[in-house]
Every structure is written in structure tokens, then in C-alpha cells.
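Participant: Now for the letters of each chain:
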Amino acid sequence: MLFLIIKRILLGFITLFIVSLITFVGTEVLPGDACTTYLEREAYGAALEACYKRLGLDIPAYERYLSWAYNVIQGDFGYSLSGQMPINEVLGPRIKNSMVLASAAIIIGIPLALILGIITALWRDKLPDLAISTITIFAMTIPEFISATLLILIVAIWLQWLPGIVIVPTDVTFFELLPNIILPVIAIAMIMTAHMARMVRSSVIQVMASDYIQMAILKGVPYWKMVFKHVLPNALLPAINVVALTIAWLLGGVVVTEVVFNYPGLGRLVIESISNRDLPTVQALAIILASIYVSINLIADLLTLALNPRLKSLQIRK
Amino acid sequence: MDIDKISEEEQKNSLSKVLEVLKTMASKPSGFIGLFILVFHVVLASVSPFLAPYDYKAIDPTLMLQAPSSEYWFGTDSLGRDVFTRTIMGGRTALTITFFGSLIALLWGGLLGIFCGLVGGKIDDVVMRIVDAFLSIPWILAMLLIVSLLGTSTEVLIPALGFFYGKGIVRVARAATHDVIAKDFIVSARARGHSNMSIIWNEIIPNVRDAILVEGAMRWSWMLLGFSSLSFLGFGVSPPTPDWGLMISNARGLMSFAYWAVIAPVVGLSSLIIGINLTADAFAKALGIDRSTKAPV
Chain A
1 MLFLIIKRIL LGFITLFIVS LITFVGTEVL PGDACTTYLE REAYGAALEA
51 CYKRLGLDIP AYERYLSWAY NVIQGDFGYS LSGQMPINEV LGPRIKNSMV
101 LASAAIIIGI PLALILGIIT ALWRDKLPDL AISTITIFAM TIPEFISATL
151 LILIVAIWLQ WLPGIVIVPT DVTFFELLPN IILPVIAIAM IMTAHMARMV
201 RSSVIQVMAS DYIQMAILKG VPYWKMVFKH VLPNALLPAI NVVALTIAWL
251 LGGVVVTEVV FNYPGLGRLV IESISNRDLP TVQALAIILA SIYVSINLIA
301 DLLTLALNPR LKSLQIRK
Chain B
1 MDIDKISEEE QKNSLSKVLE VLKTMASKPS GFIGLFILVF HVVLASVSPF
51 LAPYDYKAID PTLMLQAPSS EYWFGTDSLG RDVFTRTIMG GRTALTITFF
101 GSLIALLWGG LLGIFCGLVG GKIDDVVMRI VDAFLSIPWI LAMLLIVSLL
151 GTSTEVLIPA LGFFYGKGIV RVARAATHDV IAKDFIVSAR ARGHSNMSII
201 WNEIIPNVRD AILVEGAMRW SWMLLGFSSL SFLGFGVSPP TPDWGLMISN
251 ARGLMSFAYW AVIAPVVGLS SLIIGINLTA DAFAKALGID RSTKAPV
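Respectively, the protein sequence lines represent chains A and B.
Anchor point for the first sequence: position 284 equals 284 in the working numbering, and the numbering is continuous, going up by one each time.
Anchor point for the second sequence: position 214 equals 214 in the working numbering, and the numbering is continuous, going up by one each time.
One chain only, chain A, in its complex shape (with noise of 0.2 Å):
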């Protein structure tokens, strides 16, 4: 078990390492380097040298690659080129503001997910399960931004109830953030909580088909006391690996919704970064967002680990 669990912890740091690879390479490979997409047309003579020597770029790659990479682990991600500020300065609110509304839609999320999942399961093909399963086709499949920008259509602008961009500086303390969290947070959580619903369905049907199941509607088990002693513990072991892998999904979406708000978290600050020709911003961004998602699958496995004494025998055999 424990040798497992530093397996999985080793595999998480290994790909870390080959993201950080990719991630210098492709910025080494794609033509133009930091400096000269930065300085674009005034890429030439002591400008550009004076660029070359700040950032170190006129040493080898593998060397600049070595140094980076331990920096990195030490936890500093260098300069940024186009405000000229420590990376980790520039990060710091954008991570803990994107953390509010990320931790504000899972917190939001993931019940009404379980709720909505188990009402359409039980109620399979029924008048309940068709008006939820529609709802949920539709608000899965809708790019972020449109349905984003619906929000802002109907909840400010024609009702007026709600700000309908965020307008506040990126060093916000967290209760000055709170009122302009409420769209994004609904524009994220209703992606979030569809797809994660359809799973939840999916699983708890497929356990109520099971033999057991039907065993112990044969003994007379109580309907609502066999939902929740057996169904449920069986259903959902197998929705936290998928849920875990939404959530990590939902990074990309994040982004959008993140530029329709004008929310000041990590999502802007790719499009900032990569608008600004920022490489250096936009390697950190890369490992920072890829440790996120490996984290979370780790935590996600591990989890399961725990809770499912079956799977661990099956792991451990195979």
C-alpha cells in the first residue's frame, strides 16, 4: 500500500518533469525566442543583446534548461518581461483569486451534482429525469462563453439584479472580491455540476442493475434504505476519478470564462501573458497549471485508494 502510494506520487512528479520539458522545449523550438517575440521589430543590436543578457539567453539551452528547472523547484519562476516583476509577485493574488472561485463552484457544484445524479438515476426515463437530463445536455455542451455572456445578457443587463463585469484591482482582499464572484461562480458551477450529474446518473444506474442489487430488493430491503446503504457507497467510489478529471478539465474553460468577467485570476493572466508575448510567464503558468491537474488526479487516486479496499488488492496484484 505504501509502496503504491509513492508509486503514484513518483509517476505525478515524472510527468511534472516531462510537462517542464515540453513546455521549454516548445518555447525553444516554435521559431522566435522570449526576447524577440517580446521586442518584436526592435529585436535588433544592443536592444536585443541587453534582452539576450538580462534573461540569460545567450548560454546554452540545456544549461539555461538546468538553472530554470531549479529555480523552479526552489520555487521562484524568475522575471517577468513585460512588467519587469518577480513571476511569483505577479502570481500570487491571480492563484488565490482563482482559488475563491474555483473552491466557490466545487463547493456549489459537486452536491446539487449528486443530488441532480441520483434524482434523474432513480427516477430514470421519468418526467423528472427528462426535464434534468435536457437542462443538463444543454448546459454541458454550451461553450463557457456563450452561456457567460447569456448571464451577463439576462441577470445584469436586462435585470439588472447583478454587476455584470468584475471590476476590481487584482490585489483585492477576499471579502471586497466576494459580491463580484456570483456570475462566474454560477457561469463555471453549471458546466461543472452537468457533466459531473450525467456521471453520477450513469453510475448509479449501473449499480442498481447489479446482482446485489437486485438481492436485496428480492430480500424486501427498503427502497430508501438500500439507496443510501447500498447503491450510493458503490456508485459513487468510481465518480471521483471522473469527477477529478472534469474538475481538471474545466482549467481550460476556466480561462474563458475567466476573460468574459474581466475576473483578475490565473485564466486572465494566460491571455495577458500570451498576448504580451510574456514566455517566461507563460512557462510558470504551464507548470504551475499542470501541477494543479496532476494533484488533483493524485488526490483523486489516492482517495479511491482509501475508501475502496477492493480496488487496492486488484492494484496490487496487477
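Note that these hints are calculated values from the structure, not bench results.
Where hints are given, some of them may not hold.
[Said to hold, decoys possible] Derived lysine-lysine pairs resembling DSBU-like cross-links, with alpha carbons at most 35 Å apart:
no., chain 1, residue 1, chain 2, residue 2
1, B, 122, A, 126
2, B, 183, B, 122
3, A, 225, A, 96
4, A, 219, A, 126
5, B, 57, B, 183
6, A, 225, B, 285
7, A, 126, B, 23
8, A, 229, B, 285
9, A, 7, A, 126
10, B, 57, B, 285
11, B, 183, B, 17
12, B, 183, A, 126
13, B, 285, B, 17
14, B, 122, A, 7
15, A, 96, A, 7
16, B, 28, B, 17
17, A, 225, A, 7
18, B, 285, A, 126
19, A, 219, A, 229
20, B, 122, B, 28
21, B, 23, B, 183
22, B, 28, A, 7
23, B, 23, A, 219
24, B, 23, B, 285
[To be verified] DEER-style ranges, computed between Cβ atoms:
no., chain 1, residue 1, chain 2, residue 2, range
25, B, 129, A, 65, 44 to 54 Å
26, A, 75, B, 129, 19 to 29 Å
27, A, 165, B, 107, 40 to 50 Å
28, B, 194, A, 92, 53 to 63 Å
29, B, 68, A, 221, 52 to 62 Å
30, A, 25, B, 195, 29 to 39 Å
31, B, 196, A, 182, 55 to 65 Å
32, A, 160, B, 153, 41 to 51 Å
33, B, 256, A, 92, 31 to 41 Å
34, A, 25, B, 267, 40 to 50 Å
35, A, 162, B, 154, 51 to 61 Å
36, B, 47, A, 50, 55 to 65 Å
37, B, 129, A, 76, 23 to 33 Å
Cβ coordinates follow ideal geometry from the N, Cα and C atoms, glycine included.
Given the coordinates of chain A, work out where chain B should sit on it, guided by the hints.
Facilitator: Just chain B now, with coordinates in the frame of chain A:
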């Protein structure tokens, strides 16, 4: 029976199989609606240049932000262009680019997945680690980086989208290959001394084709979503080409008094994505593949 006859018969069989699958798909209301929407959009995209009442790029400052009328059915946008014309033409680029992108994704993802599943061992380990690493970089970051460095031409977008949406197919194809590889017919093909290439082509592909095709259909809708998001962020189709994502992003700032310029492309894009999604779901069900418990990776 000579060989020509066999291949003729096979062709007839595959055609009737396609028709049968289509029939099964259309027999359920959701599948019928999906197919209907998809066919509608494909037909519209091919004939819209002939239907368009105005020039899609004709700018007229005197006609700025006109409300819908009998003359301009969906009103005009902030540059005085006809929204109806731009809406019916808005799916052309997105449909074409994502269709070819999905084909590329299917091909490289499917073949690499089958290869890894068949050979296993060290090669498989290394390739899967790299695929995992690519999966953990958010697609949008990678796409934006490529597009901002190489430009937004079709020759960049199609392979880039094809590459980034194919990495998930590698996993699916590999898993499907693992399912068939232990079967007797593979063992006997090996015993007959067939090469890996011949086993892949004659034994594995016919058996994993359905699973990969379903995955590709699903990926088409995700790619369309991703591509529209790129356009929306200003990294996709370049103006004045009519594109729904771009239209929404341009009209968004003025939507408090010109909502029609947003609503029309929103309906166009949403209906197409829902249509492809319903079709892909019905396709999966018709082929007997359950993908409802899978994560969108």
C-alpha cells in the same frame, strides 16, 4: 467465389451497415434531432454563400446597429454589416477546420494508441508518460501559445487542433486494443507468423474501429467548442471572415442595446454543438458503446 466478388460483397455490406447504424440513430428522438441539426448545418454551410442577401464584409456606417427589420432580418452589427448574412455563413470556417482537425486527431491518435497497445513494454510506458504530460497542460494554454507564435492560418490551426485533441484518443485506442489483444484470433495470427503491421491492419483495426470512431465524433464537438473559444479570444479566425465565436466577442460590448448581434451567432453555434453532441451520443449507442461514465479529457 473469386476475390472481386468478395470485395464487392464487402462493400455492399459496409454500405448497408452504415445505413443500418443511421437508422438506429434516427429511431430515438434525441438521435433524430441531433442528425437533423447536423445535416441542416452542413447543408446551410455549403449553400449559404448563394443564399446570403448581402455582402458579409460590406461596411456601412449609416446602417450601424439597426434593430431587426424586414430588410435586415437579424439587424446589423456595429460596423453596419448584415447579421443574418454573417450568421448563416458563420459556421463555414469552424466546421471545415474542426472536421479536418478531427480526422487528423483520429488518425494519429488511433494509430499510436493501437501501436502502443500492441507492442506494450518500455515503448508503451514512455509514450504514455508523454501523453499524460501533454494531457496535464491545459489545451487552451498550448493552443494559444502555438497560435500566437505561428499565426492563425488554416495550415497552423488544423494540425495544431488535430494534435491536441488526438492525445486523448491515444488512451482510448490503447485501451480498446488491450481488450482485443488477448483474443484467440490475434494469438492465431501471431502463430501464423503475421507481421505486426498485418495484425494491426487485418485483425485489430476492424475490432477497435467503432470505439475510435465514437471517440472521434465526440472530439469533433469538443474541438468545435475549443476552436470557437479561440476565435472568441481573438486567436482563431481573423476578421472580416464571418465566424460565430468572433461575432459574439465583437458584439458583446454593445449587447446592452444591440442584443440581436449576440443572440444570432449564439443560437447558431449552440445549436451546431448540441447537434454534433446528440449525434455522437446516438452514434455511440447505435454501435453499443457506453461512454456516459467517461470524463471529457
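Participant: Tell me the hint numbers this structure goes against, listed in increasing order.
Facilitator: 1, 3, 5, 9, 10, 12, 17, 20, 22, 23, 25, 35
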